[in-house]
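For the protein sequence lines, the chains are G and L, in the order given. This note's numbering numbers the first residue of the first sequence as 1 and each following residue consecutively. This note's numbering numbers the first residue of the second sequence as 1 and each following residue consecutively.
Bear in mind the hints are in silico, worked out from the structure with no lab data behind them. Note that this is a predicted model, so its numbers are computed, not measured. Hints are not guaranteed to be accurate.
Stated by the list, open to error - Okay, the calculated beta carbon distance ranges per label pair: (1) Ala-72(G) <-> Ser-73(L): 41 to 51 Å; (2) His-85(L) <-> Gln-57(G): 41 to 51 Å; (3) Thr-82(L) <-> Asn-62(G): 43 to 53 Å; (4) Gln-14(G) <-> Ala-72(L): 48 to 58 Å; (5) Ser-83(L) <-> Pro-111(G): 10 to 20 Å.
Unchecked claim - Going by beta-carbon spacing under 7 Å, a handful of chain G positions derived as facing chain L: (6) Pro-40; (7) Arg-43; (8) Gln-44; (9) Leu-84; (10) Lys-98; (11) Phe-101; (12) Lys-103.
No residue lacks a Cβ here, since even glycine has one placed at the ideal position from N, Cα and C.
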Amino acid sequence: AQTVTQSQPEMSVQEAETVTLSCTYDTSESDYYLFWYKQPPSRQMILVIRQEAYKQQNATENRFSVNFQKAAKSFSLKISDSQLGDAAMYFCASLDDKIIFGKGTRLHILP
Amino acid sequence: GAVVSQHPSWVICKSGTSVKIECRSLDFQATTMFWYRQFPKQSLMLMATSNEGSKATYEQGVEKDKFLINHASLTLSTLTVTSAHPEDSSFYICSANWREDRPYNEQFFGPGTRLTVL
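With the rest of the complex left out, here is chain G:
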């Protein structure tokens, strides 16, 4: 069965510091995608970063990067130079024939 696990319900980070959100997944497919989505208080789902499983290189998007460990089925998100606007729920998701979300990590940014 396809599963996504986020073991950190909440995290806090000082503004301008770096924080890493953890995610592990399981899928029987060899071809799949992994995502990190951000959900601010507006509840609009916003794509933060995407990783294709067949690519070994870790995806990066400005201050956001991932550490994709395929053998370990781990997909962590690193946010550098944290900003107040980064405060939100972050969902890790796995997509093969359908998308499955983890339970989310609420990120607090401390000024």
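Dock chain L against chain G, hints included.
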């Protein structure tokens, strides 16, 4: 580009009534649309996958007679909550993708619809 809208954004109804939620892809043709349900402070739970012109595929535990999904055109999918009860109160989110082949490379999410059943 790739904008998905939902209507209404918030609906309040009486118990026993039916409510229809629309999901539209505004600038692309959505061959596949997904419906999710999100309870407060919880994750998104996939309810069903709908492909244009065919019957929706429901996830285990989702009552297809309770949650009617129609995907009659490439830009519109509707979710009808029939005979709504207070336990159906939730946040409903749709997403859309324009590719039919697996795996889908990205989904575009609507802003969600808050349903409150009195």
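Q: May I ask which of the numbered hints given earlier this structure violates, with the numbers listed in increasing order?
A: 5, 6 and 9
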